[in-house]
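Protein chains in written order, with the numbering used here: chain R, 42 to 117; chain P, 395 to 616.
By construction, these hints were calculated from the structure, which means they are not laboratory data. One or more of the hints may lead you astray.
Cross-link-like lysine-lysine pairs, in silico, DSBU-like; alpha carbons within 35 Å at most [unchecked claim]:
#, chain 1, residue 1, chain 2, residue 2
1, R, K81, P, K467
2, R, K81, R, K51
3, R, K81, P, K396
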Amino acid sequence: MKATVHVMLKTGVLDPQGEAVRHALGALGFDGVNGVRQGKVIELDLADGTSEADVTAMCEKLLANTVIESYRVEMG
Amino acid sequence: MKAAVVVFPGSNCDRDLAVAFRAAGADVEMVWHKDTDLPEGVDIVGVPGGFSFGDYLRCGAIAAHSPICKAVKGHADRGGYVLGVCNGFQVLTETGVLPGALLRNAGLKYICKTVGLRVETSQSAFTEGYNAGDVVDIPIAHHDGNYFADDATLAALEGEDRVAFRYTDNPNGSQRDIAGILSPNRRVLGMMPHPERAADAGHGGTDGQALFRAVAGQLTSA
């Protein structure tokens, strides 16, 4: 079974990489991009029976730094 | 004084930190990240700069869960002294020994240069060799040195006189120009600049020496 974890900087935390991408899009002529946030996607290949609670624990302990990042878990 | 300096895969300032501690009079032992215990009788642990575990996932995140870091956290919890420099500071925030987190530099560039730091407090074993308000020149070398903490944490740091150093010309976007902070008991210092790179006349500056001398003086007389 698989799980996908999306990790994003929390709202209000400056995302300099997202800002750089936003500037680059503007330079390419794509108007109207008001904001870009860049996160990461972590795909987990898990043993059968691993619960969403287990994955949440992985996020809390290692995959996300909850001081600055939020995360979302998708099972399957 | 007995110091232990942690070595992670990717540490590149471990020997520099050991040299600075030794020059200040400390006995230094290197400890490997897989070790589960610190050497007997260690007064202070140095968590060095570098790129532990390649900085994969986040700077310091994987190192924070290494076996030795449990021992370092235990040492800090028992009231032991810890100095975390650069990646070491990132590791200490990831372990929760110090509050906040280090984000990518606001300008997105890796910055390697000597910067001015204002000493905000002399009330710690690390900073008592300086006067509050002194400006010292210490090198930085980091990509993720942008200190972040929520407003309540920042208020607590400032209210409890736990900001050790501020940048005089903020190079990385750190909140409130913070370059280094102390733990509530003032025995853990985390800082992004590298005092060990300004601890010998051959380095082109010696403003970092006072930090190591102060710690050695404090812990030797204790």
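Structure-based check of all given hints:
About 28 Å separates the Cα atoms of R/K81 and P/K467, which keeps this hinted pair within 35 Å; it holds. Under the criterion of a C-alpha separation no larger than 35 Å, the hint pairing R/K81 with R/K51 is consistent with the structure, at around 13 Å. In summary, the hint linking R/K81 to P/K396 is not supported, as the alpha carbons are separated by about 42 Å, beyond the 35 Å threshold.
In this structure, only the earlier hint numbered 3 is contradicted, and the remaining ones agree with it.
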